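Enquirer: Read off the chains here:
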Amino acid sequence: DTFKMGLLVPGSVSEEGWNRIGYNALKGVEKELGAQVSYVELQQNPASFEKAFRDYASQGFNVILGHGFEFQDAALDVAADYPDTVFLISSSYIHEGNVIGLNTDTSQPFYLMGYVAARMGKKAGLVGGMEIPPIQQAFEGFKNGARSVDPDFPISEAYIGNFTDTTAAKEASLSMISQGADFLVPNASGATVGGYQAIAESGGDVKTFSIFSDFTEVAPNNILGLYVADYAQGVVRVVKSIQDGEVPSWNIEFGLKDADVIKFSFRDDVENGVPADIREEVEDVKAKIAAGEIKTRNR
Amino acid sequence: MANIENERPRAADTDFLATMTRFLIRTAQAIAMPAAAVLVALASGAVLLALSGFNGWDVFDVMLVGVFSDTRSVAEILLKAIPLILIGVGLCVAFRCSIWNIGAEGQLYAGAVAATVVGVSFEGLTPWLYVPLVMIAGALAGAAWAGIAGLLKVYFRASEIVTTIMLNYIALISTSYLVTGPLKDAAAAYPQSARLFKEAWMPRILPPTRLHIGILVAIALAIAFYVFLFRSSAGFAVRVVGTNQHAARYAGMNVGRNVLLAICISGAMAGLAGAFEVAGVTHRLYQNISPGYGFEGIAVALLANNNPFGAIFSGILFAVLRSGSELMQITAQVPQVLVSVIQGMVILSVVAFGVYRFRSAIHPK
Amino acid sequence: MTDKPFLRMENIHKRFGDLVASGGVTLEVEKNEIHTLLGENGAGKSVLMNILCGVLAPNEGQIVYKGEPLRLGSPREAIRHGIGMVHQHFMLVPNLTVAENYVLGQGTPTRVINDREEVHRRIRALSDRYGLDVRPDALIQDLSVGEQQRVEILKVLFHGIDLLILDEPTAVLTPQETDRLLLLLRELVADGKTVIFISHKLDEVMRVSDRISVMRDARIVFTTAASETNPRELARMMVGRDVLMELPRAAVEPGRVVLSVDKLSCDSEIGLPAVRGVSFEVREKEIVGIAGVSGNGQSELALALTGLLPVKGGSVRLDGEEITGLPPSEVNRRPIAHIPEDRHKMGIVLPLPLTENVLLQRYDRAPFSSRGLLDFGAITDHTRDLIRRFRVKTSSENERIQNLSGGNQQKLVVARELARDPDFLLINQLTRGIDIGAMEMVMQEVLRQREAGRAILLISTELEELFAICDRILVMYHGELVGELPPDRSRLEEMGLLMAGHVGEAAARAVAH
Amino acid sequence: MEDVATLGFIATTIGATWRLATPLIFASIGEVFSERAGVLNIGLEGVMLMGAFVGFAAVFATGSLPLGLLSAVLGGMAVGLVFAFFTITVKADQIVVGAAINLLGMGLTAFLFRTYYVGTGRGVEIAQPLDLPGLSDLPFLGEALFRQNAIVYSTLLVVLVAVFVLYKTSFGLTLRAVGEHPKAVDVVGRSVAAYRYGAVLIGTGLAGLGGGFLTLGHSNQFVEGITSGRGFIALAVVVFARWSPIGAFLVSLLFGLFYALQLQLQAQPALAIPYQALQALPYVMTIVALVMVRNKGDTPKTLGVPYNKA
Ligand SMILES: Nc1ncnc2c1ncn2[C@@H]1O[C@H](COP(=O)(O)OP(=O)(O)OP(=O)(O)O)[C@@H](O)[C@H]1O
Ligand SMILES: Nc1ncnc2c1ncn2[C@@H]1O[C@H](COP(=O)(O)OP(=O)(O)OP(=O)(O)O)[C@@H](O)[C@H]1O
Ligand SMILES: [Mg+2]
Ligand SMILES: [Mg+2]
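Chains as they are written, first to last, in the working numbering: chain A, 6 to 304; chain B, 2 to 366; chain C, 179 to 691; chain D, 412 to 721.
Because the hints were derived from the structure by calculation, they are not lab data.
Remember, it's a predicted structure, so these values are computed and weren't measured experimentally.
All C-beta atoms, glycine included, are put in the ideal place defined by N, C-alpha and C.
Any given hint might turn out to be false.
[Unchecked claim] When the alpha-carbon atoms are kept at most 16 Å apart in a straight line, the in silico EDC-like pairs for lysine to aspartate or glutamate are as follows:
(1) C:Lys209 to C:Asp369
(2) C:Lys463 to C:Glu499
(3) B:Lys199 to A:Asp82
(4) D:Lys579 to C:Glu295
(5) D:Lys579 to C:Asp293
(6) A:Lys245 to A:Glu37
(7) A:Lys128 to A:Asp157
(8) A:Lys262 to A:Asp210
(9) A:Lys300 to A:Asp289
[Stated by the list, open to error] DEER-style ranges, computed between Cβ atoms:
(10) C:Leu197 to B:Phe69: 45 to 55 Å
(11) B:Arg205 to D:Thr526: 32 to 42 Å
(12) C:Gly555 to B:Ala29: 24 to 34 Å
(13) C:His267 to D:Met703: 35 to 45 Å
(14) B:Phe69 to D:Thr526: 26 to 36 Å
(15) B:Arg232 to D:Tyr527: 51 to 61 Å
(16) C:Arg566 to B:Arg205: 51 to 61 Å
(17) B:Arg205 to C:His267: 23 to 33 Å
(18) B:Ile206 to A:Asp86: 11 to 21 Å
(19) D:Thr526 to C:Arg549: 57 to 67 Å
Use the sequences and the hints to build the structure in full.
Expert: Laid out in C-alpha cells, this is it:
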C-alpha cells in the first residue's frame, strides 16, 4: 500500500500565505517521502470540515493535515472512527489519541522583528487580515520583542477584516506611515502584498521584514531580512516518523530552535540594513529564545 | 334527470384525465429542461477542465455518480441543501412581494448568533424544549435583522437593496467581534464560541451521517410557503403588493404590513438556516459560518421562478454542485473554484434552455 | 375613388397563440380624409393600427402606402414614410420635457443636443398655429391627461407626419377638449394630412368622419361614407343587433340616506387643496352624478370617500356610521364597491390572471377564502360567470388580464364591482373605453343596481353617460360643488357654464329656465 | 488620538479617500448607465474581478500599462456581453443572470489565475503617482489631492464625460427614456435592445476598469476575490446616488471617506474601540445617510424588467 496524506486548507493555496505554506508542506511530503497526496480547499466553511476528514479517512489516508486550528473540533469528532489515521492539526496544541497538534510559533521570529524595530525605528505598525490566532500570536511576539527594548515603543495595529483586499492593506499601511510609523509588518495572507507595496512607495525610510515568502522584489529597499517558514521540513519530519510507525506522543511545536523550519535571516544587499551590532544582539536573543530563556508570548 | 346524473362523473373523469396528462407533460418539461441544462453546463465544465490539462470526464463521473455513491454522500448533499432550501424559500416570498432582499447572508449570521447565545445558555434543558427554542431564536433573530431593512423601507423609503447589502457587512463584522470577544470560547485560542450544549443540537435522522431534522423542516416549510403564497389569502396579498401597490391599497391590503411580513419571512428563513448550521452542523459559532449560502439562495429562489416548491429542487441542485466540487478536488485535484464556474454555467444554461418560458409548467393550474 | 388608394392594408392576419386578432383585414384609406375605425371591444382595432405603424408585425399580409409596399414590423420605416400614431396609452416619457420627448430618437445617437432654443421655437410655432397651448419645457409628468394628449398630437406634427392615427384619443378628454380635438383634426386634413381615427363615441364619429369602417371579429365588415349612414346603423353593424340609444328608466322613489358627506376636504397627492368642503347625500335607489372638467377634485373626492387619500376635514358617513379617516382596509370591509378611474393604475393587476383580478377585494373572506385559504374552485366559477354575463372577450379565465383589450379590462372591473352587492356603489368613469353595445349593457346593469336599492355615485366627464342614467347631477368646480341639475338635456348649456365655473351666469340661465 | 485633528491626518485621509473611491466611481457611474436603461446588473462584482484579472494578465504578458487598462475594460465588456445576451436577448431575469455572472467571474478568474500565474510570485508594474510640478509639493493640498496616479485623476474625466453623454447627447436622452418608457423609444424606431446592450457595455466596461484599478493602479498583484465586495457596494452607491453620475461620484467619495477613516482610526493606538466597530463604520454610515436623505421614488421605471416588443 502506498502511504497517503491528505490536506485540508481553509482558503486558496494560490495565495502567498498561510494556505500556501500548508500546500508546500504537502508537496514536501510527496517529494521526499514518495507519498500519494491530495488536498482540498474549504473556503473557511466549518460545516464542510468534518465531511472532508471523513472523505479522506474513509479512503484509507494515513495522515491528514488540517491546516489551521479551526479543524481541531472536526478532527476530534472523526478521529475515533478511524483509529489508523493520524490527524495533524496546524497551530494547535492538542494531543488526544490520534489527533496531534503542530504549532509553528510565529511569535518567535516576530519577537526578533519587534526587537529590530525598536532598536532602529521610531514607531511601528502592524497590519493584519483578521484577528485570528496565527496573526494575533505573531503580533504578540512583535510587541513583546519591541517592548523588551523600549517599554513605551509606540506600535499601532489595524485589521482589514479579510484576506483578499490588497487595496485596504495598502491604504492601512499608508495611513500608518503617514502617521509616523517607520517600521511596518503586514500579515494578511493574500492581501499582504498590498502592505509591501505601500512600504515600497514610501521610499527607503520605512523598514520591514519579508514574512512567510520572499517579497524582496516588491520592496527591495525596505526589506531588512526574511522570515521564511519552511513548515514543509517540519511536517516531513513528523510524517516520516509516522510512516516509520512512531506516532508522536505529544503535540509538536516548531520554533527558532528548529532552524530548518523557521528561517530568520538578514539581508546584506540592502542600503541602511541592520548594522552589525544590532545583528549581534539579535543573534543573542535568538539563542535565548531557542533555549527557552525568553518567552515570546504572554502565556 | 338521469342523464345529468350520468354525465357529471364522466365530465369529471375526462377532466381528471386531462389534468393528469397535462400535469405529466408539464412535469416532464419541468424536469427535462433543467436536466438538459445541467448536462450542458457540466459539459462546458468538462471542456474547461480538459483545456487546463485535467481529465474532463471526471466532471460527469463525480457530479452524476460520485456524489451519490453512498448514503453518507447523499446525506451530505441534503445537509448542504438545508440552508439553501430554507433561504431560497424565504426569498421566494420576498421576491414575489418585489422586495430585493440581498441580505440573506447577514440574516443567516443573525440567526446563527442568536442560536448560539441560546444554545450555550441553558444547561440541562430537555431537547424537547431546547431544540425548538434554538430554532425559534434563530428565526426571530433573522426576522429582526431583515425587519430593520423592512422598517427602513416602509418608514424612510430606504432602498432595501442598499440596506440589506450594508446589513450583511454589519452582521459579518459583528459576528467576528462576538467570536473574538463576548462569545469567545475561553478555552480556545481560535475565535469561536463555546460548544452548544448537546441538548440543543439538532437531532440526527440518519446516523451515522450528519443529516439532521433540518431537512424535514426545510421541506415542510417549502410546502407550507407554497401554500401560503399561492393558496392563501395572506399570500395573495403579498403577491398583489409585489405587483401593483396602488391596486393593493385599493383592494384593502396594507402595503407596509405586507412588505414587512414578506421581508421578515425571508429573514426568518435565513435565520433558521443559520441556527441549523450552528446547532446542526458545527455546534459552535465561527466567523465564517456560511460560505455564501445567502447569495446562493438568491439564485436558488430565482431558478425556481420564486416558487417555494421548486426551491426544494434548485436547492438540492446547488448542494450537489457544492458537494461534487469538494469531491472533485479530493479525487481529481481539480481546484474548487471551478465549482463557481459550473454553478454559473448551470444557471445560464437553465436560463438559455428557456425553462423560463415553461415556468408555469411546474405549477398545477 | 381612384384605383390606387393612398393606403391599402391587404389581407392582414395577426394571431396571438390561438387568438385571432386580425383575420384577413383589408382596409383602404384615401388621401385627405378622416377615416374612422369602429368596432366592439377586442375587435382588433388597436392591433391593426399597431401593425400599420410597425409596432406589431403581422403573421401575413401586406401594406401599400403611397403606391409603395411598406416593410412591415419596423416603426422606423413607418416614421420615415410619415406615418405617426397617437397610442391609446401615451408614448411619452414622464420624466422628460415635452421638447425632449419630441427630439427623442431623432438624428444619430451621437448628436449633441445643442439646439434647444430652435426646438422650443418650432414647438411654440406649431403650437400657436394649431392653438394647442403646449409648453416645450414642461415635464410630461406634470401635465394633465388632456394636455398630454395635445402633446402627443403635436409630437406627430413635429415629426412632419402626414398620416396620423389616433387610437381612442377622446376617451379621456373633456367635452370641451374633444371639441377642440375634432376641430384640429379637420384643420389638419385641410392642411393636406390624412387621419385614421378610432372612437367608441358615435356622435363624434358622425361629426368628424369622412368615411367609416366597422370591424367585427377581427375583420372589416362594412365601409361607408359618413354622410350615408347614421348612428343607429353603425351600432347595428358593430354589435350585430339594434342598440338602445335611450335606456328605459323605471321610476323609483329614493329611500333612506346611505352615504352622507359633510364639508369634506382633502389635499391632492402632491399636497394641494383638492376638495374644499363638499357636502351631499346619496339615497337608496338613486344615482347621483358628479360632472366636471377633470382635474377639479373629482379624483380626490373618490379616493377620500374610500380611504385611499387622507381626509383633512369634514365627515363621511355610510349607513349612519362614521367612516371618515378609516384606512382602506377598513373601508373595504364596509358594503362599498368602487370602480376606479384608472384601471391600469388601480383597478387591476396586469400580470395576474382574470381569476386573481376578480379576487382582488374579497381575497380574505367568504366565499373565496375560508380559514385563510383560497378556494380556487369558487373563484373560477365566479369569474366564468362574470365573463359570461358581461361578455368579456378572453380566451380563458386564466389569461393574464394584460392580454385583454382595454375595453374588456374595463368590463371585468365593472362586473367585479357590481357583483359585490354593495349598499353604496362609487363609480368613477363607468364606460371608459367600452364599446357602444357593451356600454348599453353596462348602463343597464347599473340601472338594475339602482332598482335593487343601491345608492350610486357616478363621477364622470361624459355628459352623455350622466344624462343617460343619473337622477340628479352635481357639478364640481375647483374642489367645490357649484350646482345641481336634473338630467335634462335642455339644460346642457347651463351645465357647461357651471363646469367652467361661471356660477353667476348659470344661475341667471337657470332662472330664465 | 493626538493625531486626529492635525492637518496631516486630514490630508492623508483625503488622499486615501479618493484612491479608495476610485474603483467605486468607475463601477457605479458605469452602473448608472446600465440602470438608467433599465438593466440592473447585480453581477458587478464578477465583472470587476474579470477586469482586475484580465488587466493584470495583459500587463503581465506585455508590460504595457495602457494596454492593461484597455484589456481591463474589454474584459469587463466581454462579461457584459454575456450578461446582455442573457438578459436582453434571451430576456432572462436580470438578477438570476447577475448572480451567475458573479459566480463565473469569481470562479474563472480564480481558476485561470491558479492555472497560469500562481507561484510566479511576480507582480506587475503599476501606474505611478504623477508628479505635478508646483502642485504636488503644496503643503496640505499636495498631499491631499495632487499625489495620485493618472487613473485616479481620470475619475474626474469620467464623471464629466458621463454627465455630458447622459444629458447632452441624443444617445443619453434615448438611453434615459429606454429605462423609463421603452415602448416610447420603440415606437420612434430606436431599438430598445441595442440601447440596452450599449448601456450594459458601458457599465461593464467601466466596472472592468474599476477592477483594473485594483491590480494596475493600486496594488500590483491579482488576488482571488480581490474586489472584496466592491461590486455590491457600487450597486448600493447607485441607488443612494439616485441614478445620477455626479451623485455616484460624490457618494463613492463619501464611502471612500468612511473607509479611509476607519483604517486611519484603527491605526490610532490610543483608540480603545474594537476594530470591528470601526470596520462597520462605512456600512452603518451609509444606512444613516440613506435614511437622512430620504429616497424619492426616482428609480428608473422599468429597472429589472425585460422588454417585450409585442
Ligand atoms: N386557478 C388557479 N388554481 C390554482 N392555483 C392557481 C390558479 N391561478 C394561479 N394559481 C397559482 O398562482 C401561482 C402563480 O401563478 P402564475 O402563473 O402567475 O405564476 P408564474 O407564471 O410562475 O409566475 P409569474 O407571475 O412570475 O409569471 C401558480 O403557481 C399557481 O399555483
Ligand atoms: N399582446 C397580446 N397578447 C395576446 N392577446 C392580445 C395581445 N394584444 C391584443 N390581444 C388580443 O387581441 C384582440 C384584439 O385586441 P385590440 O386591442 O386590437 O382590441 P380593440 O379593438 O382595440 O379593443 P378596444 O376597443 O377594447 O380597445 C383582443 O382579444 C386582445 O385580447
Ligand atoms: Mg404564469
Ligand atoms: Mg383598443
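Enquirer: Give a verdict on every hint.
Expert: Hints, one by one, checked against the model:
Of the pairs offered as hints, the one joining C:Lys209 and C:Asp369 holds, with about 11 Å between alpha carbons and a cut-off of 16 Å not exceeded. At roughly 19 Å between alpha-carbon atoms, C:Lys463 and C:Glu499 are farther apart than 16 Å, so this suggested pair is violated. At roughly 14 Å between alpha-carbon atoms, B:Lys199 and A:Asp82 fall within 16 Å of each other, so this suggested pair holds. A C-alpha spacing of about 14 Å is found between D:Lys579 and C:Glu295, which places the hinted pair at or below 16 Å, so the restraint holds.
As the CA atoms of D:Lys579 and C:Asp293 are separated by approximately 10 Å, the hinted pair is consistent with the 16 Å bound. A hinted pair counts as satisfied when its Cα atoms are at most 16 Å apart, and A:Lys245 with A:Glu37 qualifies at roughly 9 Å. With a C-alpha separation of about 10 Å, the suggested pair A:Lys128 and A:Asp157 falls inside the 16 Å cut-off, and the hint holds. About 32 Å separates the Cα atoms of A:Lys262 and A:Asp210, which puts this hinted pair outside 16 Å; it is violated.
A distance of roughly 14 Å separates the Cα atoms of A:Lys300 and A:Asp289; the hinted pair therefore holds under the 16 Å criterion. Take C:Leu197 and B:Phe69: their Cβ atoms lie about 46 Å apart, and the range 45 to 55 Å holds. Restraint check, B:Arg205 to D:Thr526: a C-beta distance of roughly 40 Å satisfies the suggested window 32 to 42 Å. As the Cβ distance of C:Gly555 to B:Ala29 is approximately 27 Å, the hint placing it in 24 to 34 Å holds.
Between C:His267 and D:Met703 the Cβ separation comes to about 37 Å, which falls inside the hinted range of 35 to 45 Å. Checked against the given bound of 26 to 36 Å, the beta carbons of B:Phe69 and D:Thr526, roughly 29 Å apart, stay inside it. Distance hint check for B:Arg232 and D:Tyr527: the Cβ-Cβ separation is about 53 Å, which falls inside the suggested range of 51 to 61 Å. In this structure the hint that C:Arg566 and B:Arg205 lie 51 to 61 Å apart at CB holds, the actual value being about 58 Å.
Checked against the hint of 23 to 33 Å, the C-beta distance between B:Arg205 and C:His267 comes to roughly 59 Å, which is inconsistent with it. Between B:Ile206 and A:Asp86, the C-beta spacing of about 19 Å keeps the proposed range 11 to 21 Å intact. About 60 Å separates the C-beta atoms of D:Thr526 and C:Arg549, a value consistent with the hinted range of 57 to 67 Å.
Going down the numbered hints, you'll see the structure goes against 2, 8 and 17, while the others check out.
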